[in-house]
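Given the sequences, and given the hints that come with them, work out the whole structure.
There are 2 protein chains.
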Amino acid sequence: MTLIFREAVRGDLERIVELIADDAVAATRTGTYGAPHLAGFEAVAASPDNELVVAESDGEVVGVMQLTFIPGISRNGAARLLVEAVRVDKAQRGQGIGRLMMEHAHERGRARGCVLAQLTSDKQRPEAHRFYRNLGYEQSHEGFKLPL
Amino acid sequence: MTLIFREAVRGDLERIVELIADDAVAATRTGTYGAPHLAGFEAVAASPDNELVVAESDGEVVGVMQLTFIPGISRNGAARLLVEAVRVDKAQRGQGIGRLMMEHAHERGRARGCVLAQLTSDKQRPEAHRFYRNLGYEQSHEGFKLPL
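Chains as they are written, first to last, in UniProt numbering: chain L, 1 to 148; chain R, 1 to 148.
Possibly wrong hints are sitting among the right ones.
Sample of chain L residues at the chain R side, in silico, Cβ under 8 Å [said to hold, decoys possible]:
no. : residue
1   : GLY40
2   : GLN118
3   : TYR132
Read the hints as simulated data drawn from the structure, not as lab findings. Just so it is clear, CB atoms sit at the ideal spot from N, CA and C, and this is done for glycine as well.
See the structure below:
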C-alpha cells in the first residue's frame, strides 16, 4: 500500500467528519457533517499554525489528523507539535497506517522547528495508549478538559 | 490584592523565565534566560493564535501562562483553548492568584470562540491536579510527550 500525505481540501471534509465520528468515544460529540465543521475547517485553513492532514490510499482518504505548531518560552524556548483528532479508517487498521501518519506528523513538526510532540488520549482508549507508547511516547501527564 | 492581566512584553521575559524555571519539575528543562527564550517570545508574539499573559500585582509580575486558541473539526467544529506553562510566584501562593488567572484564561478562550479548555499536567504534580479538578476540570485524558 502506498500512502500519500497531503493537506486536506474542502472536498475531503465530509469524509473527515465521518472518520472522526466513527469512534465509540467521539461519535456523539462530533455531530453530523454540517456548517459548524465547515467553519472549523476554514479556521484551520486560515491559521498559519495549523495543518489538517489526510492520508490517501488509492484515491481514498483513509486517515486524518490535525497538527498544531505551538511556539513557547518553557523548555528553553522550544516550539512543540500538538497532534489532535488522529483517526484511521476502521476497515484499514492493522497495516501500519497510524504509525506512518505519526511519523509524517513528526517530520512536519521537525520541519517547523518543533523539538517536542505532545498529545492526549481519552482514558477510555487503552489501545491508543499502547500505540503511542510503542511509538516512543512517554505517558507522563494527566490531561484535563473543561467546557467553557 | 488587585491583579492586572495583560499580554507580556519583552521586558517581562527574564522574570517570566524565572517563574517558569522556579519549579522542581521544570527547573532543568527551562534553561537559563537567553536567546532561545527571546526567540520563543518573538514567535509567540507573532502568532495570531497565541497569547503570553502575565498577572501583575503592585507593578510586579506574579504569574504567567500561555494561551493557544486552536480551531478544529472534531467536537462539531469547536475551537479549543490550550493552557500551558501556568506559574504563580511561590511567595504569592495561597491567595487565589492561580484561580483568577485560570478564570481570565477561560474568559479569553470564550472571547475567541473556544467552547473547551484543555491542559496537561505532569503526573508528578498531584497538587496541580487537585487545583484543576477544583476548577471543574475533568481528568479524562492521558498525556503523552515525545522528543523530536
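Now for the hints, and whether the structure bears them out:
A distance limit of 8 Å between C-beta atoms decides the matter here; for GLY40 of chain L the minimum to chain R is near 3 Å, and the interface restraint holds. With a cut of 8 Å, the hint placing GLN118 of chain L at the interface with chain R holds, because the nearest CB-to-CB distance is about 5 Å. Interface hint status for TYR132 of chain L: upheld, as the beta-carbon distance to the closest one in chain R is roughly 5 Å, under 8 Å.
Checked against the numbered hints given earlier, the structure satisfies every one of them.
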